[in-house]
Each structure stands twice: as structure tokens, then as C-alpha cells.
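2 protein chains.
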Amino acid sequence: MRNEFVLVPASEARAVHVASGGRFRVVDIEGGQVVDLFAFAAGDVGEYASAEHTRVAVNRLFPRVGEAFVTNRRRPILWLEKDDSPGVHDMLCAACDPVRYRLLGVDGWHPSCQENLQRVMAGLGHDRIEVPQPINLFMAVRVEPDGSFIWSSAPTKAGDGVVLRAALDCVVVASACPQDRNEINHYRPTSIGIQLL
Amino acid sequence: MRNEFVLVPASEARAVHVASGGRFRVVDIEGGQVVDLFAFAAGDVGEYASAEHTRVAVNRLFPRVGEAFVTNRRRPILWLEKDDSPGVHDMLCAACDPVRYRLLGVDGWHPSCQENLQRVMAGLGHDRIEVPQPINLFMAVRVEPDGSFIWSSAPTKAGDGVVLRAALDCVVVASACPQDRNEINHYRPTSIGIQLL
Chain A
1 MRNEFVLVPA SEARAVHVAS GGRFRVVDIE GGQVVDLFAF AAGDVGEYAS AEHTRVAVNR
61 LFPRVGEAFV TNRRRPILWL EKDDSPGVHD MLCAACDPVR YRLLGVDGWH PSCQENLQRV
121 MAGLGHDRIE VPQPINLFMA VRVEPDGSFI WSSAPTKAGD GVVLRAALDC VVVASACPQD
181 RNEINHYRPT SIGIQLL
Chain B
1 MRNEFVLVPA SEARAVHVAS GGRFRVVDIE GGQVVDLFAF AAGDVGEYAS AEHTRVAVNR
61 LFPRVGEAFV TNRRRPILWL EKDDSPGVHD MLCAACDPVR YRLLGVDGWH PSCQENLQRV
121 MAGLGHDRIE VPQPINLFMA VRVEPDGSFI WSSAPTKAGD GVVLRAALDC VVVASACPQD
181 RNEINHYRPT SIGIQLL
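Which chain is which? The protein sequence lines are A and B, in order. Oh and the first sequence: position 10 is 10 in the numbering used here, straight run, nothing missing. Oh and the second sequence: position 29 is 29 in the numbering used here, straight run, nothing missing.
Keep in mind that a hint or two might mislead.
[To be verified] Computed from the model, here is a short list of chain A residues facing chain B with C-beta under 8 Å:
| # | residue |
| --- | --- |
| 1 | G66 |
| 2 | V99 |
| 3 | R100 |
| 4 | Y101 |
| 5 | H126 |
| 6 | E130 |
Worth flagging that the hints you see were computed from the coordinates, not collected in a lab. Ideal Cβ placement from N, Cα and C applies to all residues, glycine included.
Extracted from the complex, chain A is given alone in its bound form (with noise of 0.2 Å):
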């Protein structure tokens, strides 16, 4: 599976199995917009990369390169190896579900990272999982002094990346997020990429 490349059409997910040492890049194709990710332990996905356990692991609000982002049993499962992006990503936010969009005012069904993630896990045996806090790469939600956040649109030119390497025996998934009422993938969400190295 090594060299694969597995295209995320624009608001849809798709998962990769990758073993321990294994490495892969999340690539932004056309730019400008944000990736839900997440990673659960293959053997147990009730182990999970864990937002708020990654956070108390690196002492920040998001690792830097060369730290991992670390499960809800506090044990790495994936390592940033490289950022050729702009560095901004948030992990602060909950991945956008049905009522988030209902919520902004849309009638009826939309997509959103929720579903495609629960879908994704589903289609590998997966139908009852808890949905993590994801990962939001290239996501920009600025922090100000008093705690306010300001969020904007994301900042990747097409081609920009991220490189990690898996800790555990995992399962990825890519969500290319669908958001489209709000500027974080400036109004038009696009198609992203996972390149198995």
C-alpha cells in the first residue's frame, strides 16, 4: 500500500490502515481548505487520538513539529514529522455534524465531517464509535488575549502538507470538512489527499 495516493473528493472522507512507522502526507490539492482527521488504535478504537490529552502532553494548544499528538490513554499514535503548510491548524473545535448546520441555518441535509467520519467507520465494522474532537488541519481559529477566537479562512496553497508517522497500528481518516456557511474553506469546499510514503 506503500506510495498510494487516496483522493478525499470535496466534503467526503475516506480511512487508510497504517502500520506503526508507517508515514503519510495530508496534501491540501487545490488549497485553502480545512482536514478533519482522526486516528484510532487498530485493535481497540476505543483508544483515540485525544484533543484534550494531546494538549496536557506537549504543553500547548497544538504539537509542533516533532512532537505527537497522543491518544485518550495518553500513548502516542501519531507523530508530526513535517509541516510544508503554514503552520496554522486548530484543535479547539468539534468536527461540524448535523445540528452544527442546522444551527447556521441550513434547511434540510447537509454533509458534514460527523457523518463522513461515522460513515468511514461504519463501512469497516466500526457502527458504534464515539466521535473524537478531531484534528483540524490548516484550520484557522486565532486565540486573542481574552480567550476569543477569530476564525478566518484557511491560509495552504494548493499542494501544502503535513507528514505524519503513526505511533500505533492505526486507522486514519481524512474528512475533506464540507463547511460552506462559514470562511473556513473560503465558501467552497474543495478535495484533499492522503499520500501513504
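Knowing the structure of chain A, use the given hints to seat chain B on it.
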């Protein structure tokens, strides 16, 4: 049950049922003590106060007085009605757990907010719960402009507290954080209280 005072001894936790509209005050009895607070919908403990959904709802790291903590289904569950503490709280860090203490060099068992929560919920018949990220009242974790964290001791004085109002029938669990291996509780965990108003 109104006007009942529930003592939560140092390093332990207690649960209270609060009906929709009910108010309670979480009080730091001696001062300088962090409270890990959790809230679950009484009818379905799969719905609970969620840090990542709350941050999006209030568009900041922590609600202000008059704002609500929301659940993982984006429904208000607790309103922050009054804050007569220094107003320093955390909603970034996972509850302490056995692995946390092992990583901090503790040999053998150490009480933790995660086990406190699990024990109290099991006592209510909920043997298998997801452990949500807590609302860490009085916990001082400052975010620097570069995203790094500065931890310090809880700045509360004896009798300081916050008043919360339930937006749903809920089970509220308060853990008097047992952390004695870093500064957050001044290396000396003490008791807290839940005053039902």
C-alpha cells in the same frame, strides 16, 4: 433536595441530580483547589457537557457569565449564572487519570478525577461511560501568544465559587482534584462543596 449542601472530600467526587432550571453553587471551601466538573443528560448519559462543542458555541475558550456549556449534541446543559471567584478556569485539559500519575512518577495507585467520575457514575448504574473532557473550575492554565501553556496554582480564596443553572435534567459530578504532583492545587488537595440552591 433544595438547600442541601454536599461535601466533596479532598480527592473524592460526588454526584447530584439537578432538574432543569435548578441552580447550584460549586464552592472551594479552603481556597486554591481545582474542581473537575462533569454534567450528563439524566435521560441519556451518552449526552454530556462537551468542551469542544462549548468552545464553538461561545466562540471562546471558556463561557462568560450568562453563557452556557453545551453538550456533544450542541444543547445547552449548564448556564454559568454567577462567578464570584477570580474567574480563572480551564477547559483545555483532560481529567487526571492513572496513566497521568504514572507519567508523573507515581508508583502504585493514586486517586484521580477519571476514576472518581467512573466510580460515582457506576454507583448510579452507569458502568460504561465515555469520560468527557472536564470543566476545570478554578484551574489556572494560561495560553501564551505562541500557544504554549503556563500552569499556576488555583487563585481562589476560601468560599469562592460559581453558580450554575441546569438547562436540562442532568447528573452533575464534581471531583475535588487529587493532583498533588504539580502546582494546580498548591500541592495540597482540599475539599469542595456543592450547594443546591
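Item to check | Non-conforming hints, listed in increasing numerical order | outcome: Violated hints: 1, 4 and 5; rest satisfied.
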